[in-house]
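Each chain, written out:
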Amino acid sequence: MRVPRSERILAYVILIVMAILVLVPVLAGSVTAFKPQIIWVSSPPTWIFEPTLENFEFVFFTRKGWLFLRNSLIISIGSVVMALILGVPAAYAFARFRFRSSKALMQWLISLRMIPPIVVGLPFYAMFLYLERGLGIGLRDTFPGLIITYQTFLLPLVIWMMRGYFAELPAAMEESAMVEGYTRLGALWRVVLPVVWPGIVATAILNFIFAWNEFFLALILAGNRTSTLPMSAGTYIVRTRVEWGNLFSVNLIIMAPIIVLTIILRRQLVKGLTFGILE
Amino acid sequence: MRVVLKDLVKRFANSDRAAVNKINLVIEAGELAVLLGPSGCGKTTTLRMIAGLEQPDSGRITIAERDITNLAPKDRGLAMVFQNFSMYPTMNVYDNIAFPLHAVKMKRGEIDGAVREMARLVNIDHLLGRSVRQVSGGEAQRVALARAMVRRPQVFLMDEPLSNLDAKLRVQLRTEIKRLHQDTGATFIFVTHDQEEAMTLGDKIIVMKDGDIQQVGSPHEVFFAPRNAFVANFVGTPSMNMLHGTVSRGESGGFRLQLPGFDLSLPERFNRGLENMTGSRVIWGIRPEAIKLMPEPGENCVSGEVELVEALGSRDLIFVRVVEQLFGVIVDALESVAVGDTCHLHFAAGQMRLFDADSERSLLPNSL
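Protein sequence lines correspond, in order, to chains A and B. Every letter in the first sequence is one number past the one before it in numbering that gives the first Met the number 0, and letter 213, counting from 1, is 212. Every letter in the second sequence is one number past the one before it in numbering that gives the first Met the number 0, and letter 19, counting from 1, is 18.
None of these hints come from the bench; they were simulated from the model. Hints may contain errors.
To be verified - To give an idea of the interface, some chain B residues facing chain A are shown, with a C-beta separation under 10 Å as derived from the structure:
{"#": "1", "residue": "Ala-12"}
{"#": "2", "residue": "Ala-71"}
{"#": "3", "residue": "Ser-85"}
{"#": "4", "residue": "Leu-100"}
{"#": "5", "residue": "Ala-143"}
By construction, the Cβ of each residue, glycine as well, lies at the ideal position given by its N, Cα and C atoms.
Model the full assembly from the supplied sequences, consistent with the hints where possible.
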């Protein structure tokens with residue numbers, strides 16, 4: 000369809016204004032990450048300077064940024080892997096079988112994504128506390144503890160996205176394999192999963208982004224041993240001052256993998272996202 | 000191998016009517032049996048129960064005397080071709096055909112031989128290296144056939160495998176399936192809603208409706224000796240002309256039939272079936288092929304005006320208005336009948352059918 004010129008111009012104007020609103024603070028901040036401390040907050044702002052990596056050096060080594068990066072990677076990858084292991088078979092079941100209250104369960108799953116994290120965070124904190132005191136199972140400030148907690152918002156997304164992919168395939172695909180000598184699991188593994196593989200990749204990446212950016216649950220449930228990158232960013236805002244250059248260099252470290260992943264896989268991401276919505 | 004269904008019942012949770020209602024059926028070894036019926040008649044459900052893809056609520060299924068009712072699909076030793084799915088999209092044609100052989104852990108060399116042989120049999124050996132995206136619909140169903148045959152099963156199940164193909168290809172593949180049946184000597188169970196396909200393929204036709212078997216018989220039997228009005232109406236294109244009428248006694252002792260606007264004398268073979276039916280409502284049926292155009296009016300002959308002419312090629316299907324009834328009649332195209340012509344229709348006495356108006360059962364003793 001051909002869009003009239005005036006409408007296209009209007010669309011571009013709106014998009015450019017929005018882009019400026021969103022991008023300028025990010026860009027200005029990112030520039031600050033490369034400024035020496037002396038001109039972090041100079042007024043008027045300094046735009047021409049010799050870029051330096053001293054902020055990165057400081058947050059990465061002096062303030063143990065590498066440790067937080069490691070923690071973030073372990074928690075994000077671990078929780079995505081767990082969400083896929085649990086969620087992909089669940090999604091297949093939702094797509095293929097009608098069972099008692101399967102519809103209600105799907106709706107309940109999506110409702111899990113609508114609740115604010117504090118509703119989940121505090122009960123988990125209380126549960127972990129009871130487990131620790133009552134049974135001696137320590138989950139506070141551990142990787143397994145955080146990975147389990149993250150399932151509350153990752154699993155519903157995995158199930159919703161993957162169910163869309165499975166539902167698109169004809170059931171005859173597995174049935175054919177089942178008649179030809181395979182079990183249902185064998186058919187799922189050898190026939191169906193290879194077909195939905197791009198969907199699994201898109202789902203994994205989207206979930207990784209959510210887990211990577213997560214702040215609130217980590218704030219409640221993580222501690223010294225498991226602090227994540229977003230939490231470490233918070234430590235540069237203290238009562239007396241904001242360490243702008245350090246803060247923005249942490250931000251850049253947080254954003255970089257997300258931006259790279261999104262650019263590489265933007266097509267699959269859009270497809271994966273619309274699947275969930277249209278379903 | 001002989002396939003026997005005993006008192007088979009299947010209900011689905013979302014419906015109060017049984018999808019398959021306690022059916023009994025014997026399909027002899029080496030037979031090509033066709034399950035025929037409109038959509039929702041239970042034919043596909045029946046086939047899926049034989050395949051093991053649906054579990055019956057009650058009843059038994061045996062293949063060659065072996066009870067397979069509770070076996071997993073993979074352990075039944077069957078092959079199945081589906082309507083809307085024919086190939087695994089991540090594998091090429093070769094790997095598609097080889098796929099069932101990997102399940103039985105066959106050696107690589109043997110697999111190669113078997114795949115090539117099957118591909119030759121259905122004329123796709125030039126496609127083996129192709130990606131499945133590069134093959135047409137007809138070729139895809141050939142791949143499905145090859146994949147079904149590669150394990151040399153003794154029972155083939157086919158769920159409307161030709162329905163998604165265009166008309167010409169459908170006829171071509173139909174012939175090929177018939178040939179494969181003859182070459183393999185296996186038992187074929189074929190599901191279709193297309194009565195022409197059923198007639199041309201089947202050794203035995205099983206007509207189903209609402210989960211019940213209406214009639215089992217050869218193509219000739221279901222066409223010429225339908226057990227009830229449903230079979231009579233469903234089998235044959237163009238379909239049978241059917242009218243409600245009332246039976247009465249004729250002067251000479253025979254029976255007559257009062258139809259809207261005219262009456263007919265009924266042939267003697269109905270006498271036994273009509274013994275206590277004087278005054279009863281019946282359904283009278285005659286196929287469009289059994290109506291002849293006469294030059295003059297006469298006995299068992301009615302006149303009407305041609306309302307519509309459909310060209311079928313060498314023959315025309317004309318629709319003749321007789322009072323309130325429109326009769327479909329097959330005539331030779333060379334007779335060049337035109338809309339508005341007056342025709343005298345003669346009904347071949349030997350091909351009239353009568354059915355009880357309530358039970359819809361045939362009023363003829365079971366014979367051709």
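Okay, the hints, checked on the actual structure:
1. Given hint, Ala-12 (chain B) at the interface with chain A, holds; its Cβ is 7 Å from that chain's nearest Cβ, closer than 10 Å.
2. Given the 10 Å rule on beta carbons, the hint for Ala-71 (chain B) holds: about 7 Å separates it from the nearest Cβ of chain A.
3. Below 10 Å, beta-carbon pairs count as interface contacts, and Ser-85 (chain B) has one with chain A at about 8 Å; its hint therefore holds.
4. A hinted interface residue such as Leu-100 (chain B) counts as satisfied when its beta carbon comes closer than 10 Å to some beta carbon of chain A; here the least separation is about 9 Å, so the hint holds.
5. Here the hint on Ala-143 (chain B) is kept, as its CB sits about 8 Å from the closest CB of chain A, short of 10 Å.
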